[in-house]
Amino acid sequence: MISRELALALREAGLVWHPESGDRFQLDLPSDVEAEVEADVFTVSEMTIEARRHPTGTVLAFNGTTEWALDSVALVDAVWLPREDQLREMLRATFRSLTRLDDAFEVEIELGGERVRFEHPDVAEAYGLALHELVGRSR
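Converting from the sequence shown to the working numbering requires adding 2 to each position, the first position being numbered 1.
Just so you know, the hints here were simulated from the structure itself, not pulled from any lab data. Hints are not guaranteed to be accurate.
Claimed, not checked - Label pairs and their calculated CB-CB ranges:
1. A63 <-> D87: 22 to 32 Å
2. N65 <-> T101: 35 to 45 Å
3. E7 <-> E110: 33 to 43 Å
4. G59 <-> R117: 30 to 40 Å
Please read these numbers as outputs of a predicted model, since none were measured by experiment. All C-beta atoms, glycine included, are put in the ideal place defined by N, C-alpha and C.
My request is simple: use the sequences and hints to build the entire structure.
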């Protein structure tokens, strides 16, 4: 799972989330709300947390979760934590290789004819760094 910091950076760079069952997220609430709740990781699922699309925007509805005082949160108040496979898929045709190094993973992508490499001990984070570069250059 990618770090919250990288997830926020991806969102800031322009990555758009269309929630699907199985997606993981954290809350990103105003500063007057307890920070503890932001550390929890939630999973979109038809049974417990459902993405409801409305003309005014998407909300994540907490169905039957009695421990929560929340009925729903707006999508803008959630931080998507994409999985490794989702990150790889979003790299699309730019992805060239994943290499296991001694103490890290290296993801290589091609952007504008240039090969760029991203290293990190966590494979998902390496993919996320590559995606951040791709999204940033796409703006």
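For each hint, the structure was consulted:
With their beta carbons about 25 Å apart, A63 and D87 fall inside the hinted range of 22 to 32 Å. Distance hint check: the CB atoms of N65 and T101 are about 42 Å apart, consistent with the given range 35 to 45 Å. Take E7 and E110: their Cβ atoms lie about 23 Å apart, and the range 33 to 43 Å is violated. Under the hint 30 to 40 Å, the C-beta atoms of G59 and R117, about 39 Å apart, fit the expected range.
Checked against the numbered hints given earlier, this structure breaks only hint 3.
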